[in-house]
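Novice: Residue numbers (our numbering), protein chains in the order written: chain A, 75 to 551; chain B, 75 to 551.
FYI, nobody ran anything at the bench for these hints, they're computed from the structure. For glycine and all other residues, C-beta sits at the position ideal for the given N, C-alpha and C. Any given hint might turn out to be false.
Claimed, not checked - Pairwise CB distance ranges (calculated):
| no. | chain 1 | residue 1 | chain 2 | residue 2 | range |
| --- | --- | --- | --- | --- | --- |
| 1 | B | 362 | A | 494 | 43 to 51 Å |
| 2 | B | 131 | A | 436 | 47 to 55 Å |
| 3 | B | 306 | A | 132 | 56 to 64 Å |
Listed below are the residues making up each chain.
Number of protein chains: 2
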Amino acid sequence: MKSFSIKDLLQESPLGEKVEVNGWVKTFRSNRFIALNDGSTLRNIQCVVDFEQFDEQLLKQINTGAALKTSGTLVESQGRGQDVEIQVEDIFVHGTAHPEEYPIQPKKHSLEFLREKAHLRVRTNTFSAVMRVRSALAFAIHSYFQQHGFYYMHTPIITGSDAEGAGEMFRVTTMDPENPPKDEKGHIDYSKDFFGKETNLTVSGQLEAETYAMGLGKVYTFGPTFRAENSNTSRHLAEFWMIEPEMAFYELKENMDLAEDFVKWITRYVLDNCTEDLQFLEKRLLDEEKSKPQHQRSEMPLVEKLQFVVNNEFKRITYTEAIDILKNSKPNKKKKFEYPIEEWGADLQSEHERFLVEKYFKSPVILYDYPAKIKAFYMRLNDDEKTVRAMDVLFPGIGEIIGGSQREERLEVLQQKIKEFNIDEKELWWYLDLRRFGTAVHSGFGLGFERMVQFVTGMGNIRDVIPYPRTPQNAEF
Amino acid sequence: MKSFSIKDLLQESPLGEKVEVNGWVKTFRSNRFIALNDGSTLRNIQCVVDFEQFDEQLLKQINTGAALKTSGTLVESQGRGQDVEIQVEDIFVHGTAHPEEYPIQPKKHSLEFLREKAHLRVRTNTFSAVMRVRSALAFAIHSYFQQHGFYYMHTPIITGSDAEGAGEMFRVTTMDPENPPKDEKGHIDYSKDFFGKETNLTVSGQLEAETYAMGLGKVYTFGPTFRAENSNTSRHLAEFWMIEPEMAFYELKENMDLAEDFVKWITRYVLDNCTEDLQFLEKRLLDEEKSKPQHQRSEMPLVEKLQFVVNNEFKRITYTEAIDILKNSKPNKKKKFEYPIEEWGADLQSEHERFLVEKYFKSPVILYDYPAKIKAFYMRLNDDEKTVRAMDVLFPGIGEIIGGSQREERLEVLQQKIKEFNIDEKELWWYLDLRRFGTAVHSGFGLGFERMVQFVTGMGNIRDVIPYPRTPQNAEF
Chain A
75 MKSFSIKDLL
85 QESPLGEKVE
95 VNGWVKTFRS
105 NRFIALNDGS
115 TLRNIQCVVD
125 FEQFDEQLLK
135 QINTGAALKT
145 SGTLVESQGR
155 GQDVEIQVED
165 IFVHGTAHPE
175 EYPIQPKKHS
185 LEFLREKAHL
195 RVRTNTFSAV
205 MRVRSALAFA
215 IHSYFQQHGF
225 YYMHTPIITG
235 SDAEGAGEMF
245 RVTTMDPENP
255 PKDEKGHIDY
265 SKDFFGKETN
275 LTVSGQLEAE
285 TYAMGLGKVY
295 TFGPTFRAEN
305 SNTSRHLAEF
315 WMIEPEMAFY
325 ELKENMDLAE
335 DFVKWITRYV
345 LDNCTEDLQF
355 LEKRLLDEEK
365 SKPQHQRSEM
375 PLVEKLQFVV
385 NNEFKRITYT
395 EAIDILKNSK
405 PNKKKKFEYP
415 IEEWGADLQS
425 EHERFLVEKY
435 FKSPVILYDY
445 PAKIKAFYMR
455 LNDDEKTVRA
465 MDVLFPGIGE
475 IIGGSQREER
485 LEVLQQKIKE
495 FNIDEKELWW
505 YLDLRRFGTA
515 VHSGFGLGFE
525 RMVQFVTGMG
535 NIRDVIPYPR
545 TPQNAEF
Chain B
75 MKSFSIKDLL
85 QESPLGEKVE
95 VNGWVKTFRS
105 NRFIALNDGS
115 TLRNIQCVVD
125 FEQFDEQLLK
135 QINTGAALKT
145 SGTLVESQGR
155 GQDVEIQVED
165 IFVHGTAHPE
175 EYPIQPKKHS
185 LEFLREKAHL
195 RVRTNTFSAV
205 MRVRSALAFA
215 IHSYFQQHGF
225 YYMHTPIITG
235 SDAEGAGEMF
245 RVTTMDPENP
255 PKDEKGHIDY
265 SKDFFGKETN
275 LTVSGQLEAE
285 TYAMGLGKVY
295 TFGPTFRAEN
305 SNTSRHLAEF
315 WMIEPEMAFY
325 ELKENMDLAE
335 DFVKWITRYV
345 LDNCTEDLQF
355 LEKRLLDEEK
365 SKPQHQRSEM
375 PLVEKLQFVV
385 NNEFKRITYT
395 EAIDILKNSK
405 PNKKKKFEYP
415 IEEWGADLQS
425 EHERFLVEKY
435 FKSPVILYDY
445 PAKIKAFYMR
455 LNDDEKTVRA
465 MDVLFPGIGE
475 IIGGSQREER
485 LEVLQQKIKE
495 FNIDEKELWW
505 YLDLRRFGTA
515 VHSGFGLGFE
525 RMVQFVTGMG
535 NIRDVIPYPR
545 TPQNAEF
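Using the sequences provided together with the hints, build the complete structure.
Specialist: Take a look at the structure:
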């Protein structure tokens, strides 16, 4: 007798054959119909039990959450809702789940409640769907880059460099905190720490990715990054995954082309490979939004929104054009923006980005050529000496999903920038070496993985798209 | 005019067409022949310059390491060593590399020297080959699991749990080390730290992977793990990448089958997709070993060794059988082992594993059913109550490359084990929940990624198979 995953069983559908499946009980109706799920797919297999043939004690153990092995003949289903079902001949109970103790009962649980049960929530339809889509999206990312001539590289997680400048960092140490080694002045002596210096968790692999792009041509990272920021919002995690491609010989235009092609490709991959899960998540979102006022609901159902992204060109405008649009916009004139746009040079806030994407263009937007002063030190200065070749990709409902730039390849200009940003040049000796030896035009960008998972699954809170979210005051599990 | 990567150019070979390539100068011979490489492939493109047509000042800038854009007509090569070459019409120098300052000159550099130049070493043939193979191997791993019904999951990097028990941990903190918050007793008050408790870098994602296997069925992790051990050896890193599949409803036998099929599949993928790089690395290894005494050289050339692994069944024996073989072995009787094997229960050392793999069986070996006392608390106890369903896959030259087990699924037995191992049960409440609600037989294993990269590339030092190695006293870059 062949053992199947439920996904394979439903796909191969070997009618008339004896089959075996393992899984967890979703529901058990009328002492007769077991809906069994093994996580391989959203769908359950219906296992039909002739209760007169089974011991009552055994049947009593078949509760929601119990793990079973069942075997029997696969037949066409007489009932509605499924094409096939198993006429059960044998049941083995791997493990029970007491109905008064097992928290995941067949009723609606709030996302907040399930966050407290993060070790069990993947057994619900919502979270199993989200996590299957997350897995497919990750593979799509690898597949895209591998098919397009990029090499995957692992940049260091523990970094001795604090010049990345993307945010607050976590310190990594093996020193005894009760009694740390001190130098003669009474300060902490980091030379006695594990790495012989102060070390932190990385906030970005970009600088190291640049070193590899300048040898392998096109590389990408896909790894965890960290921010020690006390942001308790639905958009922030202290630990999240980031994808950072970096390409030698790419100018900003090619960087934008790549970013657009890339997000469309991975979105299409998920549309093609996660149809059932997306349909379920679309329905979930519609249900969730029913209780919201009209203006807070999504403009399009989930799948339509993803198809829209795949099928339409992203609107590209310069920062300067965006400022003009915003300055003359209704909400600006009517003082509806929390941060009114008064002049060129202002940093754009989420409300401005959302206006451009959701109201003005009704399309994903790529903003580029930002003022140098509001962007990072490594971005390529334009000939106007006021703007840098930065770009942000803005998505409806999410805001900035990609941030990137052409990198400053000229040694003297970069050194000047480092000085202006008050960074210690010695910290970046190796980064500057890239401009000393065989420097060239190059570009790259970063995609926040969880933001992208949110976008394709329609989940509103970033804590619901990663297995074990890390946030201030929370590192459970 | 079309711009090509060198890999694509050599593959498509559009003879007679005008083409453009970017890359770095490997060598410039006779003021005429530029060997240009862009990292897309090991091979260079020969760019032929008619020096009378170019400015002398320009030609002087064409040194090893300089970044160029060249364009011209692709023609069949008259010389030996390449099929095609570019008759250069235009050269643009992106960036120079002063021959007296640029450290990567066209001569033999020691691996030790290059470790100090980790930001430039990927521009050498050896490291670009290693890193391309590393990238292919990573993709092979994802491809295998995705094709076999596994879902990729990200387990947390920062963990509040210290019960994983796999080794010394790094602490993660945002407390001011000069002046940390203290409680009334004068001890560090971790409740005031970022996560409200003491947190560390993960040593393994296994326990969290189990929670997902018990909902999604088959999952795998691929992420960084950490050991704060003061091991300055060629086999240890403080930060390394690990792959950990975990499967519901798998017994030890199926776990071993999976491990064997998996490593064969990914090895075959590299053989099929990295032929040139492997041939280069094989030659490199032969050169390196020339200076070694015969008995220290590899038994087989690199590619043959990989084919051997792919084409032969791994030998499977129990720990008990291994002890019998070792007790009666020549080196044991002649007291050649540093740790003589005297009785059942002894922990196997690297010398014993190597004897079994390299001398006795001359094949990869899977050892299983180890004494419970020398293995982790979560491993499934056999009915003999002396052994657990653990397995280690041992490879020639590397030793243990995979370690895994069937997991203890019985609540009472696991609780008893936790007590015996002096672990605080409260730390593992969520892990024990898996045995309370719908528990089932399940299994998994861990593969050290860098060890596998070492195996397929033949590199002897683990620091040479990861871009930026983290070791005691070393977190540069």
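Novice: Evaluate each hint against the coordinates.
Specialist: Here is how each hint holds up against the structure:
{"no.": "1", "hint": "B/362 x A/494: 43 to 51 Å", "in the structure": "holds, 47 Å"}
{"no.": "2", "hint": "B/131 x A/436: 47 to 55 Å", "in the structure": "holds, 54 Å"}
{"no.": "3", "hint": "B/306 x A/132: 56 to 64 Å", "in the structure": "holds, 58 Å"}
Going down the numbered hints, you'll see the structure goes against none, and every one checks out.
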